[in-house]
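Participant: Chains as they are written, first to last, in my numbering: chain A, 1 to 474; chain B, 475 to 641.
None of these hints come from the bench; they were simulated from the model. Quick reminder that beta carbons are idealized off the backbone N, C-alpha and C, glycines included. It cannot be assumed that every hint is accurate.
[Claimed, not checked] DMTMM-like, lysine to aspartate or glutamate: derived pairs with alpha carbons at most 25 Å apart: (1) Lys613(B) x Asp462(A); (2) Lys613(B) x Asp471(A); (3) Lys613(B) x Asp586(B).
[As the list claims (entries may be wrong)] Selected chain A positions facing chain B (in silico; Cβ < 7 Å): (4) Thr144; (5) Glu145; (6) Trp153; (7) Val371; (8) Val375; (9) Leu377; (10) Pro380; (11) Leu381; (12) Ala383; (13) Ser414; (14) Ser425; (15) Phe427; (16) Thr439; (17) Arg448; (18) Leu468.
The residues making up each chain are set out below.
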Amino acid sequence: MLIIHPVVELARALPALVGLLLAGQGSGHGARWSLIASVLVAGAGTLRYFTTRFRVTPAQIQLRHGLLRRRTVAARLDRVRSVDITAHPLHRALGLSRVVIGTGTSDRKGHPALTLDGLRVADAARLRDELLHRRPAATADDETELLRLPASWVRYAPFTLSGAVTALAIAGFAWRLISEAHVNPNRFGPLHTIERHLITAPLWQDVVELVAATIAFVAVASTAGYVLAFWNFRLTRHSGGTLHVTRGLITARATSIEESRLRGAELSEPLLLRAVGGARTLAITTGLRVGRGAERGGTMLMPPGPRAAAVRIAAEVVGAAAPFTAPLLPHGRRATRRRYTRAVGCSMAFAAAAALIWWLAGIALWSWLIVALVVPLSVPLAADRAASLGHALVGDYLVTRRGSLVRRRAVLASAGVIGVNVRCSMFQRRAGLVTLTSTAAAGRQGYRVQDVPTAEAVRIADTLLPGLLSDFIN
Amino acid sequence: MPTLVPPALRAPRYRVHQRAIWLWATRAAAGWIAVLAVEVLVLIVGEHDIAGWHYAVVAATAALALAHVTVMPQWRYRVHRWELTEQAAYTQSGWFVQERRIAPVARIQTVDVHRGPFEQVFRLANVTLTTASAAGPLKIHGLDAATANHIVEDITARIRAADGDAT
């Protein structure tokens, strides 16, 4: 327990320490400075451990830390919406874990989340049960398993493209290494062979081989990422009124969501995954951040898998199947036309800008032709975006679907809707369309019904907020 | 018999203060002057190698600035409106892209009055009503100070009476 802060701080400061070591190389004191810095960093970590205290009172959880500047963060227990327990490899080796407590507001900017690092695993589980069920963990707790990830779902992994990010990161790192550290790639035997091969082979063969190699690498990296993140994925429902998600091969993670704070679910289908009949399910709930890499924020209820299973899980979690299967109302011809003008118009503007730059810089024309490919590609994109567009009011839920590269069908309970924003640009006004956003404290904070006819938008808003609009409708 | 006229939202009832036109014009002008200053500086400092299109860029910027400073504030003044009823807060803002926002008064969490340097010069204030959603703060820009204070008192009294914020 004691060791986690110094070691974690050291690991976090590692890039800086390496930099210090390299910078000091010139003066010959690199190693000494690096050692001094390491001691300071480890000392700061130890200090943080000794100065951090937390306690749970009947009404609040309080966290106090800092030596020179004491800071107390407190949250009301009835504000706790979710508890997230993460154990990185280092934590697991020491039998520890990190607990992040999500409250209604703490997940927003400027409000530090309540984080307790270095709790023993059993203590973390007890704390979670105390916080979410407001009772000690000793009492029996019925658990229903909703999903255990079948190993065969790994077949969807190559289509998640999560490996593309890894590939880009590696490519970027290699580029930096070559350009800044002046490493000559020709000095490495295998790279030298590859370069020789590429120079001698005809151009079309080079292109085919490079594309195939990239696809193979992205597929392998995506599969590795899938296994690392979702190994042992389990979704369970507990009689105390919470949903638990546990997952992870090396970094173990457990997320608990209070069901009474669940405002709906989202089916998300990235283009490639959709092409092979896959989807994933995300929770719409307060206290858990959605956004950059939803799996990082812990709102994932089902990792990429068969679409039918994603619908089943979403329906089971929300408690209503119809919103996920009901047909949606299309938004009509004018909305479709807007998809085309926007997609084709944007891509043409992009190609024109590229042409101007290419012309000014005197770059070869054929490379511009590759960039200009976005124009013909934007037509099927617009068609798909138009086909995705739809909405419905099913029971107490607002269903809205849009997007092509990532198609999302969001199902939001009307009880979770706070207000509405009705937005229209000059062009939309001429087409008689508006974009309706139902604002919520959960998930993405606002769910958009894009380019819907004005009268229909008013009908939706009036249904979501009964009585509120009556003064404003004429 | 059902009506044939589709339901439509009417605009909120009240306009913001007329001085807001001058506020918006001044603020836009300040931004454009900064841009033009940089462009003119480039013209003066980079003595050699000034082509005709450098002057064209400055002239285009000036024309765009003039159009923006004269048209935008008037347009904006016609759009910006607000209204408070027993249950709801309702605002309309923007100019080229317009947005209407409606939130139940019971769900409003905080009421802020903000007066930046320009607002202080023109004796105006901005009121922001936030709900539990990060996507839906209602902003009323360019109110005179008395109206702003009145709104704050009114809403503060009402949210004290309500509970539950749908989080």
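Participant: Using 7 Å as the Cβ threshold, decide whether Leu468(A) counts as touching chain B.
Facilitator: 5 Å, holds
Participant: Taking the closest Cβ pair, is Pro380(A) under 7 Å from chain B?
Facilitator: 28 Å, violated
Participant: Does Thr439(A) meet its interface restraint, that is, does its C-beta lie within less than 7 Å of any C-beta in chain B?
Facilitator: Nearest chain B Cβ about 3 Å off; hint holds.
Participant: Would you check whether Thr144(A) satisfies its interface hint, that is, whether its CB is within less than 7 Å of any CB in chain B?
Facilitator: 26 Å, violated
Participant: Was the hint right that Phe427(A) lines chain B, CB cutoff 7 Å?
Facilitator: 9 Å, violated
Participant: Any CB of chain B closer than 7 Å to the CB of Val375(A)?
Facilitator: Violated. Min distance 26 Å.
Participant: A closest beta-carbon separation below 7 Å is what the hint needs, so does Arg448(A) meet it against chain B?
Facilitator: Violated - the Cβ of Arg448(A) stays beyond 7 Å from chain B, reaching only about 9 Å at its closest.
Participant: Taking only the CA atoms, is the gap from Lys613(B) to Asp586(B) under or equal to 25 Å?
Facilitator: Roughly 9 Å separates the two Cα atoms, so the pair holds.
Participant: Can the hint on Ser414(A) be confirmed by a CB-to-CB distance to chain B that is less than 7 Å?
Facilitator: 10 Å, violated
Participant: For the hint on Leu381(A), does the least C-beta distance to chain B fall short of 7 Å?
Facilitator: 23 Å, violated
Participant: Report holds or violated for the interface hint on Val371(A), using the least CB-CB distance to chain B and a cut-off of 7 Å.
Facilitator: Violated, because the Cβ-Cβ distance from Val371(A) to chain B comes to roughly 24 Å (cut-off 7 Å).
Participant: Taking only the CA atoms, is the gap from Lys613(B) to Asp462(A) under or equal to 25 Å?
Facilitator: Judged against 25 Å, a Cα distance of about 22 Å means the pair holds.
In summary, the numbered hints that this structure violates are 4, 5, 6, 7, 8, 9, 10, 11, 12, 13, 15, 17.
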